[in-house]
Amino acid sequence: ANTFVAEVLGVDPREVDVPVVGGHAGVTILPLLSQVKPRSSFTAEETEYLTNRIQNGGTEVVEAKAGTGSATLSMAYAAAKFAGACLRGLKGEAGVVECAFVDSQVRLGRAGAEEVYQLGPLNEYERIGLEKAKRELAGSIQKGVEFIRK
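In the UniProt record's numbering, the protein residues as written are 1 to 150.
Honestly, the hints are just simulated from the structure, not real lab data. Hints are not guaranteed to be accurate.
To be verified - Derived Cβ-Cβ restraints for the label pairs, each shown as a range:
#: 1; residue 1: GLY120; residue 2: GLU63; range: 29 to 37 Å
#: 2; residue 1: SER104; residue 2: SER74; range: 13 to 21 Å
#: 3; residue 1: GLY139; residue 2: SER74; range: 22 to 30 Å
#: 4; residue 1: VAL97; residue 2: GLY144; range: 22 to 30 Å
#: 5; residue 1: PHE147; residue 2: GLY10; range: 38 to 46 Å
#: 6; residue 1: VAL145; residue 2: VAL11; range: 39 to 47 Å
#: 7; residue 1: ARG14; residue 2: GLU146; range: 36 to 44 Å
#: 8; residue 1: ARG127; residue 2: ASN56; range: 17 to 25 Å
#: 9; residue 1: PRO13; residue 2: TYR117; range: 18 to 26 Å
#: 10; residue 1: VAL62; residue 2: GLU131; range: 23 to 31 Å
#: 11; residue 1: VAL61; residue 2: ILE141; range: 23 to 31 Å
#: 12; residue 1: GLY10; residue 2: GLU146; range: 42 to 50 Å
Claimed, not checked - Mimicking SDA-like on lysine to any residue, the simulated pairs with C-alpha atoms at most 20 Å apart in a straight line are:
#: 13; residue 1: LYS91; residue 2: ALA80
#: 14; residue 1: LYS134; residue 2: LEU122
#: 15; residue 1: LYS143; residue 2: GLY23
Ideal Cβ positions, reconstructed from N, Cα and C, are used throughout, including at glycine.
Please model the entire structure based on the sequences and the hints provided.
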């Protein structure tokens, strides 16, 4: 997400933070472009383009690998980034905020996850996307529950 947004903004991806909430596939992935840091605004076309790129980034990798692999580097990067944030929090660094694997931002500290942040203000595009993600996730959760019961 940071890389795609950085490309549109023309900046280094290390300077960008895009909160992404929801699930791990398709419409369940919701980038909160209205909350990008540094503060940015996007046209409707850029919002649609970025949302689609972010939602389908993993699929692009699988297709590029001709179905023989997945976006393991992205997953490894996310895990390393989260682990680093956990370690900084456990060492007592103040204000360590990271997206958790439950896809909500959390403040980390010596006691672990010390606070779970609300989503913050969403624009209309994001509210619609969140409703789509919730419906899709509810169906996926139900499938998982049914699978486990078998």
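Notebook entry, point to check: Of the hints given before, which are not true for this structure?
Noted result: Per hint list: zero violations.
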